[in-house]
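The whole structure should be built from the sequences, with the hints applied where relevant.
Chain by chain, the residues run as shown.
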Amino acid sequence: MTPSDDNDDLRVLLDDAVADVRPRHGLDEIRERTDDSRVRRPWGWGVAGTVVATAATVAAVAMFSMPSVRHGGAGPDHTDNTPATPLGVRVYFLGDTGAGPRLFEEDHLTSSSSTDPTLDAVQQAIDGRSHDPDYRTAWPTGTEVDRVDKRDDYLLVGLSGRFDLTRRPKSMSPAVARISVQQLVWTAQSNADNGRLPVLFEVDGAVRPTLLGVRERTPVRAASADDALAPVSIDTPRQSDQSSIPVSNPFRVTGRAAAFEANVQWELKQGDTVVRHGFTTAGQCCTLSPYSFTVSAPPGAYTLIVHDEDASDGEGVGRSEDSKAVLVH
Amino acid sequence: MPLASAGLWDQGWDADAAVEHLYAAHYVRLVRLAVLLVRDVETAEEVVQDSFVAMHGRWATLAEPDKALAYLRRAVVNHARSVLRRRGVRARHEASTPSVVRHVPGADEHALAGERRTAVLDALRGLPDRQREVLALRYYLDLSEAEIADALGISRGAVKSHASRGVTALRALMEDHR
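Chains A and B, in that order, are what the protein sequence lines are. Start counting the first sequence at 1; every next residue gets the next number (this note's numbering). Start counting the second sequence at 1001; every next residue gets the next number (this note's numbering).
If a hint is listed, it holds; no wrong ones were tucked in.
Which bits of chain A does chain B cover? Going by a derived footprint, with three or more residues having C-beta under 8 Å, they are: (1) 10-17; (2) 24-34; (3) 115-124; (4) 141-150; (5) 203-209.
Partner residues are not named here, just some residues of chain A that face chain B (Cβ under 8 Å, in silico): (6) Asn7; (7) Val21; (8) Ser160; (9) Arg162.
Hints listed in this document are in silico derivations from the structure and should not be mistaken for laboratory results. Positions of the beta carbon are idealized from the N, C-alpha and C atoms, including for glycine.
Structure representation (structure tokens):
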């Protein structure tokens, strides 16, 4: 079916532009690459039974050997036979804190089909597949990173999606929209090699006055750590996947907190039972600074919770916490 | 083999046969589509061959020529995209420099026609990915909005807006080339 519009001249132009392209014969190459039996066999209709079995084998092999789809779009798998070595990237996700939605940091590996670690990291941030089940993304499903280009004085991040990304979805609060923009700025910056360059966003190939309804026309600078990052977070033990973190006994806990009077409290729990608890102080009051403490516990599975001053007695901002599932050996 | 399935089998293709038939019917057109997307013929051939290999691996779930062709289109667009990503900044700079003329077979024979073709390919390379993809699928393959939406995994509304922005941008770029 031909769409009816008055752009027939474009049809002629495009048709003509490639009319003289005469590709070389490619069937033999395709055959060679789809033949995994390593023994050349007769091509084509052959003996039906043999062909069925081979086709099934090829399909099964393909399922296991093809790198997985990078994101949930309708696209087919990449078929590079030599997947890139995964690289470590830092990815930021949203989590709820007493100060509102804030960023939490995780270490991830690039997907095997990735060719640009920064792009891959930003896509992982958008997709929200965090190790920690408490973290999330607020980006609309189907949001795709089209490109990340390093320019002299900014990073260009191109996004496209099934929804209009210039607008804030009705279900999203302005605070979540703002921090979601920062989520990508922080993720892009921490994986690009050129320092803390601001980020210029494109939506569907053009710079727009807004992103998720946040007015950001010029390159967006990273908000300060105190404004963007969670007031309390655990750096180590660090999750490398979605399972519990194996730790020795005793194990050391480090992290960053911006807590009132620098007071940081922690509990080690099994179910609802507090097995161990204690407190420590972060380096400084009220601005993010490091803390550390040591926990010893008998072997078993626990939840480690680190939080700031309990707000049960009053006013002001709510409690902020980070938690990790640990497995003491 | 039971008669019923033998009968079905006679009408159906296995993965190898599917590749062979679809290759005969669509290979050249798909390579030309890929040239509109990635510009140079060699890369376009690779992109389309990759897509056929991927289709072969998926044949068990596709099982019908129509589905396989739709899959091939999606695969060509996606593989072209990842090639462009891989090329990154370098190719974008090259593409914005009209003096860099890549090898297009036959271009020498008709210098004037060759120039116009180069100008169209240059202009396409100057468009955002989505706009280029929508224009190629719509005005080269003559797909409907619904088919394009399916091939790109975006809404029909998005197809419309990419198409109209793309047409405007392409016309503007072609003006520059005159």
